[in-house]
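Protein sequences appear in the order of chains A and B. Residue numbering for the first sequence follows the working numbering, beginning at 1 and increasing consecutively. Residue numbering for the second sequence follows the working numbering, beginning at 1 and increasing consecutively.
No wet-lab data here; the hints were simulated from the structure. Here a beta-carbon is modelled for each residue, glycine too, at the ideal position from N, C-alpha and C. One or more of the hints may lead you astray.
Unchecked claim - In silico lysine-lysine, BS3-like type, Cα no more than 25 Å apart, as pairs:
#, chain 1, residue 1, chain 2, residue 2
1, B, K112, B, K143
2, B, K259, B, K285
3, A, K83, B, K285
4, B, K40, B, K111
5, B, K379, A, K83
Unchecked claim - These stretches of chain A come out as covered by chain B in the derived footprint (C-beta under 8 Å, 3 or more residues):
#, segment
6, 27-41
7, 66-73
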Amino acid sequence: MKNILIPTDFSIRSLSYVHSIVAQHPYEQVNIILMHALQMPDSLFDLVTYTRNSRHVELISADFQDGCEIIRNKYSSAIHQLKIEFFHGSTRAALRNFLLAQNIDLIIQPVDHEYTPPSKRSYDPEKLISKCNYPKMKIQLQKQRFVANRSTISALLLATE
Amino acid sequence: MKIRTKILLLFAGLTVSTILMMSILVYYFANQHSFEDFYKRLEIRAYLSAKATLPYYESDSAIYNEIREEHLEKLPSEKEYFLPVAADGSIHNNEQLALPADFYSRVIREKKATYREGNHFYEGVLYKSKQGLYIVIVSAINKYNAEYLGWLRRILIISSVASSLILVGAGIFFSRYILQPIRHMMVQVKSISSRNLHLRLNVDNSGDEINDLANTFNNMLDRLETAFETQNNFVSNASHELSTPLTAIIGEAELALNKERTSEKYIYSLQNILSEAGRLEHITKSLLHLAQTGFDGKKQEWSQLRSDELLFTVKHTIDKLHPGNKVEIDYSLFPEEEDKLLIPGNEQLLELALSNIVMNAVKYSNNQPVSIALAATEKKNIIIVKDLGIGIPAEDLPYIFSPFFRASNTSHFKGYGIGLPLAMNIIRMHKGDIIVNSQVNYGTEIRVELPL
């Protein structure tokens, strides 16, 4: 069973990569880890009071949650587990530790660098990922004709059109 | 009698009677106690004066008199009587005293007795002296007590009247306060008629009975409005959908009749008329099917139904009403497990709602492709209807669910502004939600969420 990591900015679009992943692993179950990268705080006080608290969980929108559940229901036989993890830190060593801890086998690299940070502390981990020596897979999403709002669930639909 | 008056009377009656009861009891017991107190004082005086007047030793008399003068003040109109009792038990009566014979016999039997005549109090004690048996009677006016009781009576009357007034005032306020939400609700209900059935009562979330009542009213209005709109929807659809085949039939017939023709031409015309009439029948049937409100005189039928089957039925109905439509069902998000697609609901109503939404999508996109997608989360099913039509201007979006509202760019399309409000109502009855995303000239995406 492969553990596959997808960097996410909690947009529905980032969930669309799951379609291609499942298509490319037809005969095995996969674990999908949606990773959201957050910078460590700068001030000492923030660092002391830094916890895995609800402030981070609030970043996950209800639509994203729905989207995860939809994907999980759609590929319930192909996906063993789909979970969201926060990566705290901005160094290569931190990322290496994180990848080791999560036992990652494959990292997805989005080709279109569309990243809209949902909070001030969020950042696009693309640079860090390209430097680490884990197996990677580049995925290009199809161009979308019309999406009224990128955060809606219909963004999931168009990926397979 | 109004409930308000009833509450007022009940409240005031209960509290005022309690207060009156208390006042009366206070007065009664105070009165009783003050008598006892006074009799005790008279008794002490009777013994002292007996000891002073009829002493065992002459020398005692002076001491007793001294005690009396130093320590006992004279009571108002205090009088002493000494009545010798003869050996046979008969009493030498004093002319000034008009006391009942019962009093004397009680004194002899119980050694002391009390008697009261208005404000005059008598205490008699049996005293055995050297000179023989005497009945000593002391009488006085209980002036202090009379004053004290008078004060008490006045205070009690004043305070009970004052508190009664306050309580009645409070009762008026109280009954108004209690019934305020009901009067509020009445005003709101009065303003709802068949013209503005979309209005609802205000509900705050205090969770009391009045709110439950308002919710019940709102539910009833939901059902009424849905039934009402279903009929309106039918009428508007009928006028719209039936006219096209009817015009074709009339035109074909007129064309065939306006001059003599060959039999092939007649057969051709009749065939055209027949196919149009067949379509007409089809349309009528479908419309009638949709017009069945799901109420059908009996209770609404709620059951577990499968949302994918619902989509297929809707697609089927649309195919009948608009042959040549490009409605596609998008399977890309269908869940693998069937039981994720079971939702509670009324099949006919949901079908009506969805087909209204899809028919709108077909109508306002001039028969361009329309996709219906279905997705399931853990708690709800999501149906996404997407078209490439004219879209809805952003400033009109907040109003699209109000009855008879039509967006500003719909003047080229026939319609009455009935379909979407009806759909919204039905979805609301299922505790679901409709979310609309739209971009003018690019298309509209309607997301219907139905809870599992």
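*Where does the structure disagree with the numbered hints, that is, which hint numbers, in rising order?*
As far as the earlier hints go, 2, 3, 6 are violated by this structure, in ascending order.
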